[in-house]
Each structure stands twice: as C-alpha cells, then as structure tokens.
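A.B. asks: Chains as they are written, first to last, in this note's numbering: chain S, 1 to 126; chain U, 1 to 293.
Just so you know, the hints here were simulated from the structure itself, not pulled from any lab data.
Hints may be right or wrong, so weigh each one.
Residues of chain S clear of chain U, computed beta-carbon distances all greater than 12 Å [to be verified]:
(1) A23
(2) R48
(3) T93
(4) T115
Straight-line C-alpha distance at most 16 Å; calculated EDC-like pairs for lysine to aspartate or glutamate [what the hints assert, rightly or not]:
(5) U:K184 x U:E166
(6) U:K184 x S:E99
(7) U:K184 x U:E164
(8) U:K184 x U:E159
(9) U:K184 x S:D51
Partner residues are not named here, just some residues of chain S that face chain U (Cβ under 10 Å, in silico) [stated by the list, open to error]:
(10) D24
(11) A26
(12) M45
(13) T50
(14) E54
(15) L55
(16) E56
(17) D59
(18) V61
(19) A78
(20) E79
(21) V81
(22) L84
(23) I89
Everything numeric in this text was worked out from a predicted model, so none of it was measured.
Think of the CB as a built atom: it goes at the ideal place given N, C-alpha and C, for glycine as much as any other residue.
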Amino acid sequence: MTTVEPTAPAPAQKTPTAQAVLADVAGMLRTMLDEEGLDDIEIAMDTRFTDDLELESIDLVTLAGTLQDRYGQEVNFAEFVADLELDEIIGLTVGQLVEYIVRCLNVAEIQAAETRAAEAGVAEGS
Amino acid sequence: MAMIHLGGPPGTGDGPDGIRLHVQRLSPPGGRPPTATVVLVHGLLTDSLASWYFTVAPDLAAAGLDVVMYDQRGHGRSERPGSGYRLETFVSDLERLLDQLDITTPVHLVGNCFGGTVAYGYALRHPERVAGIATIEAKPATESWLTDISGIMRRIVVELVAHEAESLAWVTAHRGAHTARLAKSAARLVRTTTIAEDVAASRTVSEERVRSLRCPALAVYGADSELAGEDGWRRALPPGARTVMLPGEGHSVLAEAPARIRTLLLSWIGEQGTATPPVTVPVAAGLEGADVS
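Could you build the full structure based on these sequences and the hints that come with them?
C.D. replies: Written out as structure tokens, the structure is:
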C-alpha cells in the first residue's frame, strides 16, 4: 500500500537560480573592484574573495549591506558568517555565498507559500 | 552600511566639513526591543569593524543587545584625513558618533587594543554615559602606554613604509594573503597621514585618575602577549576591574579565540544588567532565604 503524502508547495518560479544569483553577486563585486581599480577579473563559483579578488574583511561587510539592499532581510550575511570561523570566512568562495543566498530565498518563498495556504484555509473555513 | 557625518569642531584637525565614519548596527532578531546598547571599538592600523562583525557582533545582537560598530577615522571604510590622529580625537569621534546616533542611555563599551584605550578615554570624559567597559589587550592612556605605543609606531614606520615591499612579502609568506592585504592598507594609512606622530603625541592620564573610574570593568589579555607579561599594569586599571588571562593566547586573541571572547563578553554584559534599572519585584513572603527583616 502506498501512502499519498500531502503535496509539498511547488518550488516557486520566482526564486532565482544559482546562475542568476551568481550574475547578481558578480555585478556587486565588480562595482566594488572598480573602485579599487581592479577590473576584468573573471568571477565564477570557485572564485575566492581574499585570494582571487584581494578583498579585505571590511569589503565583505560592505557586500553584506549590498546583499540586504538587494534581497531584503531574508539574506542575513551576519548570521551566515556567525557560524563560520575567521579562517573559513577568509577562504570563502563566491559559490558558497551564492548557495547560501539561494537557500535563504527558497526558505523565504516556501514560508510565503505556507502563509498564503494558511490564509486561504482560514478564508475557506470562515 | 551607513556613513555618519560628524561635524568638524575645533581641535580635531578635520576640515570645515567634518568627517564621515562608516557605521554598522545589528539589532536583536525579530524586532525585539534591545536590553542595552553595546559599542564595539576596534584597534589601530590593520583593524576595522570587520574584526567585530565576523566574531562577536552577531551573537551579541542575538542575545538581545543593540550592537553599534564603527570604523575609526582612517580605518576601514571611514574617511582618512591627512592629520588629526591623537587619541583624544578618536575619543571625540566616539562622543560625537553617539550624540549623532541619539544614544542617550549608558552604553557598554568594548574595545580591542587601541580601541580599549579609546573606551577608557571616553569613560574618563563621560562616566555617567558608560554602563561598563570591557577591553581586550588594552591599557588606559597612561605614560607607560604612550611609551609602548610610540615604540610600536616607530617600528611600524620603519617596517611598513621604509621597507614596505620586503615586509609585505614576509607577511604574505608567513601570515597569508589576507593579513598581507590588511598590512598594505595599514602601510597606506601610515604613509599618507600623520597617524604615527599624532598617536605618539596623545595626551596621557595619570594612574590615579584611572583609579578614580567607578564603572564596572573587565580586562581580558592573552596570557602570552607582551602586555600581559609587563610589570605593574594592574595599577593602571580601575579599582575592582576583573582581569582574565587566556592561556595559550597572544595579542590577537580576538581573532584567534573569538568563541572564548564571545562567552566572556556575553556573561559579563549579562551580569551588569540592562541600561535601565530593573523593576524591583517584592519577594513573596515565606520564600526560603528571603530577607524578612
């Protein structure tokens, strides 16, 4: 006998893919690097913030602000790095950040879908 | 990110337009009202607010505190004026910043190294605006502090300015790319401003004056650091200051052992209570140990 599981909320179409987020983040980094006079650097998932882009820890703080402006409160860089050791932050790759952002946006989208479903349920029941 | 604009009062060396400082603020999650404000002050040259942002700041906010971090003048993303780097100017920056942010309740000051010296300077100027001080590898600005810091500045000028290329190559090989990047920024600060001579010309305070401070103080040191090995440093701490030596740690204890610093700070700030006095709840009669006299 097979049990039919309740259908999970379908992945939201609105959630950007890793590729789209990478393009966004690369854009933000290029703006920062332009100010430092470093342009024409290829930015991919395995690019490291410190070793490849020569960013300082304070640049990552600035990036955190830009991310929040772009994606809202769901993407909390301070919370993300709170779980990392300093060495890990220094060794961070663009890909790790992109994956984190995609994860946050997915969670936010699922929560929004659940809220909508719950509200619909309340509306039906009333 | 927010750039906070401080006006240019006389004596700071700033132009008529004042100075812009980079400030980051973290609030307790979920819109909870903060129990108190904590201001984190970083150290000299290779330091910035990132040292707090990536170590203790998120946990302090998660524990219910309003966390204020800023890049001191010349550092991080704040402006880098050509002159105006005596200790008393850094203290005035903190003063003006808190005014600008409209923070009027007493704050907990946490300072790393030179940031700790700035915190002491602020507490001596405004004891009524400080709920407590916690310092990491820091001393108040006594004559002995000035002798130490002047020596360090002279050494840095030689290493980072006169022999910049060799020094940076050594740092890259022995301390890694990130530290080398920080050293490069520090070299630029020393080369393009009067910071080295200004810091060495800072106004000092007497040990007696430091001992007149009545606010709660926690002083943390790496047991292997030069500072911890000095004679007589306890004389220049406020009376009743709690000192903690972390075994196996040196001067960079905040970066090397953030978890230990975090635990110390959280329990210490918790002990001091909140900025507003708690409401006294009458003890229910008959409770064991209750004072019924």
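A.B. asks: Would you mind marking each hint as holding or not holding in the structure?
C.D. replies: Quick rundown of the hints versus the structure:
1. A23: holds (22 Å)
2. R48: violated (9 Å)
3. T93: holds (14 Å)
4. T115: It holds; T115 of chain S is separated from chain U by about 16 Å at its closest Cβ, greater than 12 Å.
5. U:K184 x U:E166: Between K184 of chain U and E166 of chain U the Cα gap is close to 12 Å, so the pair holds against 16 Å.
6. U:K184 x S:E99: violated (31 Å)
7. U:K184 x U:E164: Answer holds: K184 of chain U to E164 of chain U is near 8 Å, not above 16 Å.
8. U:K184 x U:E159: Holds. K184 of chain U to E159 of chain U sits at ~12 Å (cutoff 16 Å).
9. U:K184 x S:D51: It holds: about 14 Å lies between the C-alpha atoms, which stays within 16 Å.
10. D24: violated (18 Å)
11. A26: violated (20 Å)
12. M45: violated (20 Å)
13. T50: holds (5 Å)
14. E54: Cβ of E54 of chain S sits 6 Å from chain U, so the hint holds.
15. L55: Since the shortest Cβ distance to chain U is 8 Å, the answer is holds.
16. E56: Constraint on E56 of chain S satisfied, holds at 5 Å.
17. D59: holds (8 Å)
18. V61: Given a least distance of 5 Å, the restraint on V61 of chain S holds.
19. A78: With a minimum Cβ separation of about 4 Å from chain U (threshold 10 Å), the hint on A78 of chain S holds.
20. E79: This hint holds: E79 of chain S lies near chain U, its Cβ roughly 6 Å from the closest one there, short of 10 Å.
21. V81: holds (5 Å)
22. L84: holds (8 Å)
23. I89: holds (5 Å)
Checked against the numbered hints above, the structure violates hints 2, 6, 10, 11 and 12; every other hint is satisfied.
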